[in-house]
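A.B. asks: Chain order of the listed sequences is F and A. Residue 57 in numbering that gives the first Met the number 0 sits at position 58 of the first sequence; the count goes up by one each step and never skips. Residue 13 in numbering that gives the first Met the number 0 sits at position 14 of the second sequence; the count goes up by one each step and never skips.
The set of hints was computed from the structure by calculation and includes no laboratory data. Some hints could be false.
The list treats identical chains as interchangeable, and a pair is accepted whether it falls inside one copy or across any two copies.
[Unchecked claim] Here are the simulated BS3-like pairs of lysine-lysine, each with C-alpha atoms no more than 27 angstroms apart in a straight line:
#: 1; residue 1: Lys-121; residue 2: Lys-50
#: 2; residue 1: Lys-157; residue 2: Lys-182
#: 3; residue 1: Lys-426; residue 2: Lys-11
#: 4; residue 1: Lys-182; residue 2: Lys-219
#: 5; residue 1: Lys-121; residue 2: Lys-434
#: 6; residue 1: Lys-274; residue 2: Lys-368
Keep in mind that this is a model prediction, so the values were computed, not measured.
2 protein chains.
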Amino acid sequence: METREAIELVLKFMEQAEQRNEPVIRLRSPGQLQQVFEEAGVSLPMETPQKTHSNEEILRALQAVLDYSVHTQHPRFFNQNFAGPDPVAVVGDWFGAALNTTNATYEAAPVFTMMEHSLLQKLAATAGMKRAEGLFGAGGSLSNLLAMHLARHHKYPKANEEGLPSSVRLVAFTSEHAHYSLKKSAALMGLGYNNLRAVACDATGRMRPDALEEAILQAKQRGETPFFLNATAGTTVTAAFDPFVDLLPLAREHGLWFHVDGCYGASALFSEQHKHLMEGVEQADSLAWNLHKMMGITQQCSALLVAHPGLLRSCFATGAGYLFQPDKEHAELDSGDRHFQCARRVDVLKLWLTWKVRGDQGFTQRVNKAVANAKQFTAMLQEHEKQSFALALPPSFTNVCFWWLPPNLRGVSPDQWQPQDWETIHKLAPQIKRKMQEHGTAMLGFQSLNNLPNFFRMICINSVVDHQDLRKVLDLIECYGYEAIS
Amino acid sequence: METREAIELVLKFMEQAEQRNEPVIRLRSPGQLQQVFEEAGVSLPMETPQKTHSNEEILRALQAVLDYSVHTQHPRFFNQNFAGPDPVAVVGDWFGAALNTTNATYEAAPVFTMMEHSLLQKLAATAGMKRAEGLFGAGGSLSNLLAMHLARHHKYPKANEEGLPSSVRLVAFTSEHAHYSLKKSAALMGLGYNNLRAVACDATGRMRPDALEEAILQAKQRGETPFFLNATAGTTVTAAFDPFVDLLPLAREHGLWFHVDGCYGASALFSEQHKHLMEGVEQADSLAWNLHKMMGITQQCSALLVAHPGLLRSCFATGAGYLFQPDKEHAELDSGDRHFQCARRVDVLKLWLTWKVRGDQGFTQRVNKAVANAKQFTAMLQEHEKQSFALALPPSFTNVCFWWLPPNLRGVSPDQWQPQDWETIHKLAPQIKRKMQEHGTAMLGFQSLNNLPNFFRMICINSVVDHQDLRKVLDLIECYGYEAIS
């Protein structure tokens, strides 16, 4: 394979990625995809034995990879809580891949060790967290898991050695709309799902402090030990922010570790206009923050900040002699013995580079544009000339959850819908989405929540989106909606 | 920042990376590194506020990143259990970064979902594991953790819901030379280090079956519940392989999940000549296998194979409605609900591409060359004209652990060394290594083990190494050794 010829393909792809007449996705079934690669001369499944391939075959296969993958950089990709990357971050990612080292030691990664330390300080300062230290890890789920683990270690420093006394039953709290990684973490740590209590939310998707207090008191009455509270900044569906300042006193009163899952929403901190949503985070015990979501850094770029200096080391250090030799140069800077992971890909270079190129002002603009687009989209929905759309839930931050309505349900309040109306609406979103995918014109997600029928979740974080794209999405949905009911 | 200008820098770097007259590392202190970046016009620490930078400044900074990072592709880099990447894998990595999606759903990653499925089948077939399924994850530590979690879930399916009954005390077993992630996993899962029993090894670093049996019986006598055995394929220091076929009957007899940590050594399976080291793995319950170690795929490329169809789903599924909608296209192919992680970087493309370009034969050659180089290096050591070197431990697979000896200790058996000799030897490896780093001529690791003084660990997996490089390392050590004692 000729490296430069291959790279030319992906460079051209990046340069054309924002073209609106290109499809977001060329939807193919698994069988059709196999045929595409067969025609390129390289089978998509692995072979037995696997033969070698010529440069020409490989280049055709790589073009097929580009052609038949989802184009997250496309201005009508709204499907996930990330979108196309900032091209600067891609360059940073590429340099990191070519240098292929681990961020665990100064010896193996002098430049990246310095970058990691400084980026963590900068993020902590942005969050107003004093004396925080942290780590970059393999994703938000892992950050939430490690935060829960740190909380247990903080409360029971002997648990790492001995496990917990059999008399102690730990319970953790999170909102009913929190990310599922909290549930998975509770299982993995040995607590069990049942000991992660799902606290009720208000109509806007924010955790209710009174419901939290009641849940804590109930647990205590049962002789359980509350130890961990997860507050979410930007829930997965509605981008709701739990009211940190109202939850904090409860956490303090009852001795709970206060973790903020800001994987999605912590980037609001970059904006003077929107950082009020994060008020109280400066008092958090830990904060998970994914820069690969709103900020357009490539997968993954996940920071975990911890406001207890020394705790990461006391929780994770094993002093492995083959890596963390105390008698080598600059051993005191090694990050690896403060982490669960061992070798870690260099995730900091791409963030450092993007931040140095864009500056604080670029980060601010990115967040402000996302929220402004969500506001604009909400207005377009509400002022639509045919009243074809209705909000399913109150819009928050970057997310707008809505239905397309068939003509007979326009202007009818959802609580007036009959069971067959509910069924109709519920089936429309998947039908419309399928048409979007088949035509390759747009991608956005849908789901059910709170017993509402399927609704679309518009996430306005794609930085190349303009008002025409927002309008176009509504026009497409309108068009496919009529097709679906005709 | 001009993307193509930046990319030109890293392409040139890759094309020159194997030049022997270039330094492996330009060693600088943190303060000196800061000055290098200052002179490029971009401060290494983040600023408050962070300003934006011109294309010229950024290009100079990126050149500094290349110049002052460790050159793992250099033919005299032997410092880690990975080395420079196969350039084909770098290209695959770059395509994945540019496409920036998550491997969790067919919807967001149709091509990569197919690749992942097929690669896991191919790896399972290579290991002889029938009916295995699996996942790619964020590294070997996480694979080992998830294997331990699956083992508990398999034995106590209700633990994910309820936690364990307080009467049950789980214990796990691994060798005293196992990777530290086992220890960290035991802590994270709530068992505690003390309930991970370190089983004694023989002189070659392999777990002793008799010691394992004794440890299991002791645990049972104490009323504990043995549930998990980790056997290592390629320990971190000596690359020893535990004797799977002798351990398996004990695991079966006592109802232990048999996990193989093959993060390093499982790649022996690619070689007809060396796959006997992995005999018995076909009966394992799970296997962790890092393709980013021996096989030159970029960080990270970690597979976990599990020989219990359906267990991944039953352990990890939460059915998050916003991602795994049952009513969307090809939902049955989604991998995300069988995993702890949520969004996952596309780690399969780079492996798929490398395998398609190199073929099975290329993978075989890579492994065979590594072991042949280790044999060659051992012979060079033992036949050295001045008898300056001695093996610290029996060589195994790709690893050779050895000392450089000052003249007065040559030919003297280590058990004849006086305490001051021990001290002298112990200090020599760090001194010699520092000189290597200062001159940028080579990098290899050292550590202490089994109460032996510091020795060098030569890992022969760097694919661009030839016999001259092996000889050069010995000459350098000899030269710096004399400098150190003079």
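A.B. asks: Kindly indicate which numbered hints from before are broken by the structure, ordering the numbers from low to high.
C.D. replies: Hints 3, 5 contradicted; others consistent.
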